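2 protein chains.
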Amino acid sequence: MKEEKILLSHGSGGKLSYNLIKELFLANFNNSYLERLDDGAVLNIDGLRLAYTTDSYTVDPLFFNGGNIGELAVYGTVNDLAMCGAEPSYLSCSFIIEEGFPLSLLEKIISSIKKASLVAHVDIVTGDTKVVNKGAADKIFINTTGIGVVKEGINISGNNAQVGDLIVINGPIGNHGIAVLSEREGLKFETEIKSDTAPLSSLVAEMLEVSKDIHVLRDPTRGGLSTTLNEIALSSKVDIEINEGDIPIQEEVRAACEILGYDPLCLANEGKLVAFIPSKIAPNVLKKMKENKYGKESKIIGRVVKKSEGKVYLNTTIGGERIVDMLTGEQLPRIC
Amino acid sequence: MKEEKILLSHGSGGKLSYNLIKELFLANFNNSYLERLDDGAVLNIDGLRLAYTTDSYTVDPLFFNGGNIGELAVYGTVNDLAMCGAEPSYLSCSFIIEEGFPLSLLEKIISSIKKASLVAHVDIVTGDTKVVNKGAADKIFINTTGIGVVKEGINISGNNAQVGDLIVINGPIGNHGIAVLSEREGLKFETEIKSDTAPLSSLVAEMLEVSKDIHVLRDPTRGGLSTTLNEIALSSKVDIEINEGDIPIQEEVRAACEILGYDPLCLANEGKLVAFIPSKIAPNVLKKMKENKYGKESKIIGRVVKKSEGKVYLNTTIGGERIVDMLTGEQLPRIC
Numbered sequence: 001m002k003e004e005k006i007l008l009s010h011g012s013g014g015k016l017s018y019n020l021i022k023e024l025f026l027a028n029f030n031n032s033y034l035e036r037l038d039d040g041a042v043l044n045i046d047g048l049r050l051a052y053t054t055d056s057y058t059v060d061p062l063f064f065n066g067g068n069i070g071e072l073a074v075y076g077t078v079n080d081l082a083m084c085g086a087e088p089s090y091l092s093c094s095f096i097i098e099e100g101f102p103l104s105l106l107e108k109i110i111s112s113i114k115k116a117s118l119v120a121h122v123d124i125v126t127g128d129t130k131v132v133n134k135g136a137a138d139k140i141f142i143n144t145t146g147i148g149v150v151k152e153g154i155n156i157s158g159n160n161a162q163v164g165d166l167i168v169i170n171g172p173i174g175n176h177g178i179a180v181l182s183e184r185e186g187l188k189f190e191t192e193i194k195s196d197t198a199p200l201s202s203l204v205a206e207m208l209e210v211s212k213d214i215h216v217l218r219d220p221t222r223g224g225l226s227t228t229l230n231e232i233a234l235s236s237k238v239d240i241e242i243n244e245g246d247i248p249i250q251e252e253v254r255a256a257c258e259i260l261g262y263d264p265l266c267l268a269n270e271g272k273l274v275a276f277i278p279s280k281i282a283p284n285v286l287k288k289m290k291e292n293k294y295g296k297e298s299k300i301i302g303r304v305v306k307k308s309e310g311k312v313y314l315n316t317t318i319g320g321e322r323i324v325d326m327l328t329g330e331q332l333p334r335i336c
Numbered sequence: 001m002k003e004e005k006i007l008l009s010h011g012s013g014g015k016l017s018y019n020l021i022k023e024l025f026l027a028n029f030n031n032s033y034l035e036r037l038d039d040g041a042v043l044n045i046d047g048l049r050l051a052y053t054t055d056s057y058t059v060d061p062l063f064f065n066g067g068n069i070g071e072l073a074v075y076g077t078v079n080d081l082a083m084c085g086a087e088p089s090y091l092s093c094s095f096i097i098e099e100g101f102p103l104s105l106l107e108k109i110i111s112s113i114k115k116a117s118l119v120a121h122v123d124i125v126t127g128d129t130k131v132v133n134k135g136a137a138d139k140i141f142i143n144t145t146g147i148g149v150v151k152e153g154i155n156i157s158g159n160n161a162q163v164g165d166l167i168v169i170n171g172p173i174g175n176h177g178i179a180v181l182s183e184r185e186g187l188k189f190e191t192e193i194k195s196d197t198a199p200l201s202s203l204v205a206e207m208l209e210v211s212k213d214i215h216v217l218r219d220p221t222r223g224g225l226s227t228t229l230n231e232i233a234l235s236s237k238v239d240i241e242i243n244e245g246d247i248p249i250q251e252e253v254r255a256a257c258e259i260l261g262y263d264p265l266c267l268a269n270e271g272k273l274v275a276f277i278p279s280k281i282a283p284n285v286l287k288k289m290k291e292n293k294y295g296k297e298s299k300i301i302g303r304v305v306k307k308s309e310g311k312v313y314l315n316t317t318i319g320g321e322r323i324v325d326m327l328t329g330e331q332l333p334r335i336c
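Those protein sequences? They're chains A and B, same order as listed.
Under this note's numbering, the first residue of the first sequence carries the number 1, and numbering increases by one thereafter.
Under this note's numbering, the first residue of the second sequence carries the number 1, and numbering increases by one thereafter.
Read the hints as simulated data drawn from the structure, not as lab findings.
These numbers come from a predicted model, not from an experiment.
Please note that a few of the clues may not be correct.
One copy or two, it doesn't matter: identical chains are merged, so the pair holds either way.
[Unchecked claim] Derived SDA-like pairs: lysine to any residue, alpha-carbon spacing no greater than 20 Å straight-line:
| # | residue 1 | residue 2 |
| --- | --- | --- |
| 1 | Lys151 | Leu48 |
| 2 | Lys299 | Gly245 |
| 3 | Lys139 | Pro333 |
| 4 | Lys114 | Phe25 |
| 5 | Lys5 | Ile110 |
| 6 | Lys306 | Asn65 |
| 7 | Lys5 | Lys139 |
From just these sequences and the hints, can you work out the full model?
Now the structure itself:
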């Protein structure tokens with residue numbers, strides 16, 4: 001019998017990740033928080049509602065056009081807190097460093113973390129540093145775990161999508177994936193493609209000021225937009241319909257995808273969110289989003305169409321319809 | 001000019017770790033929580049006092065006599081919460097896995113984490129899984145970050161040691177270090193030496209039931225007892241005196257240290273704590289400790305002698321006195 005091994009696609013954020021989480025982690029650590037399969041847990045401690053989320057960052061290369069591992073480690077976790085409807089407050093920061101890593105690079109990363117934490121208004125309050133022998137880790141890995149307070153009346157979860165909800169995205173997809181890939185492979189494009197790495201907490205706070213009745217917030221990171229929408233469709237037991245022509249994609253990213261054979265719907269983003277909003281309040285939320293630095297290109301890209309087992313349909317630009325699946329396999333390992 | 005590089009001793013938990021934390025992390029992420037240099041931060045969120053702590057586990061080998069990386073990842077973080085005087089409640093759990101890692105081993109680790117979380121009464125409420133290419137990480141690294149509630153009236157910190165405090169340890173030191181080392185190097189001893197990996201939260205809760213006026217709690221993990229006592233002496237600006245003859249060490253551990261050239265005072269422990277207790281209440285706390293499974297061999301090993309710049313003195317068994325310093329260099333990388 002062949003021994004089963006962990007594959008890169010178990011960490012892709014796509015279908016195999018989803019199965020591993022369901023079959024191994026959920027099966028063992030079974031509790032109501034994990035069950036929701038959200039980006040974080042919303043704990044209730046003595047009446048205080050706290051969002052709690054963790055991520056390890058293994059991005060390769062460490063520095064890329066538009067960001068670096070330090071910035072990513074702050075904004076990625078801040079965004080996961082924001083996707084729970086929380087105001088991010090505190091981060092822990094834990095390093096695993098390979099022996100021989102240049103101190104000057106560590107200083108550069110620390111300085112990026114500091115800057116990002118100031119931008120996102122979070123304090124780094126506790127940490128850990130491990131050093132492993134040369135060859136036992138590739139340069140540096142960073143874990144950040146975050147805490148934020150969720151205000152009364154906010155109930156955001158991947159379970160909450162409802163028929164009739166409009167789906168909004170805050171700008172073009174795929175930039176982070178292509179930016180990291182081109183840095184890694186030394187590819188050059190005529191126009192530069194920058195990662196969209198950004199903190200989304202102020203955008204989310206402003207959206208929630210318009211209405212607390214936002215049903216779902218999720219950032220389409222690993223696995224991309226297609227995986228995120230599939231997860232929501234499965235969790236909420238609804239079907240989703242999106243319109244290809246409405247999905248914002250930068251022309252250069254589209255061209256790069258065509259040349260390299262990538263599907264932009266499966267590429268990682270680090271400054272994007274999808275929001276599921278009741279159609280009544282969607283116009284006002286959208287208006288507010290467009291006023292924010294990170295929401296200028298916000299667009300409605302689809303809607304929740306019916307109760308079902310959880311499928312995502314794409315109305316193509318040429319008038320057809322196709323089912324969009326979760327990412328299968330692994331497009332780009334170590335993208336975040 | 002030679003470029004400065006990260007050394008194994010930056011992760012030893014000893015002097016170089018201390019300097020790195022002070023000069024790089026504290027200097028950048030400057031805030032009142034980090035400044036205390038405790039095992040975790042005690043946050044005040046809307047009047048609720050929450051302990052918050054993080055650790056990455058990189059132990060090699062993954063399985064050793066008396067424990068494994070999964071158990072360690074739960075108990076290590078639970079203990080850091082307990083050392084803040086908190087009752088551990090929630091853990092996050094984040095994995096970095098090397099491509100090709102056997103699924104069966106992952107299942108074994110997950111099952112250990114589950115068991116340990118049941119023993120320590122904590123829920124694993126959120127997680128993350130990254131898979132990196134073969135060779136980019138050595139097998140598996142685990143980060144756990146934990147939250148626990150600190151009750152009113154408890155104020156435990158490495159800053160709080162006071163002249164006259166008695167210093168108590170809950171049992172023999174050095175077992176974890178020697179157990180991992182012998183597993184790694186394939187050493188055999190006549191009697192088996194087992195890691196002391198254990199959850200200390202119930203012991204701490206019982207100690208605090210006797211009196212909330214315990215000044216310092218700290219688990220002497222990386223860097224061992226000598227480093228921990230030095231950190232406390234520096235933070236509290238006091239001198240500490242310990243008696244060599246009173247420090248419990250298993251005979252087999254002592255023999256192994258002599259053969260291998262290790263100082264037991266610098267070896268890592270994973271189920272030990274030192275407590276600084278006002279002399280008046282110390283006898284009652286000690287009595288209570290001895291009733292707990294993990295405190296049976298508790299002993300008074302020394303006391304805080306005077307306000308000073310922070311030195312640790314050892315009264316040796318042959319009647320001399322020597323200064324005990326923090327661990328310098330790295331005795332055993334990847335011990336936890």
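Verification of the hints:
For the homomeric pair Lys151 and Leu48, the shortest alpha-carbon distances inside one copy (9 Å) and between copies (15 Å) are both at most 20 Å. In the homo-oligomer, the alpha carbons of Lys299 and Gly245 lie at most 20 Å apart inside one protomer (11 Å), although the nearest pairing across protomers, at 73 Å, exceeds that limit. In this homomeric assembly, Lys139 and Pro333 come within 20 Å of each other (Cα to Cα) both inside a single copy, at 16 Å, and across copies, at 16 Å. Taking the closest pair of Cα atoms, Lys114 and Phe25 come within 20 Å of each other only across two copies (9 Å); inside a single copy the shortest separation is 33 Å, beyond that limit.
Taking the shortest Cα distances, Lys5 and Ile110 sit within 20 Å of each other only across copies (15 Å), while inside one copy they are farther apart (35 Å). In the homo-oligomer, the alpha carbons of Lys306 and Asn65 never lie at most 20 Å apart, since the shortest distance is 41 Å inside one protomer and 55 Å across protomers. Only between protomers do Lys5 and Lys139 lie at most 20 Å apart by alpha-carbon distance; the minimum there is 12 Å, versus 24 Å within a single protomer.
Violated hint for the displayed structure: number 6, the only one.
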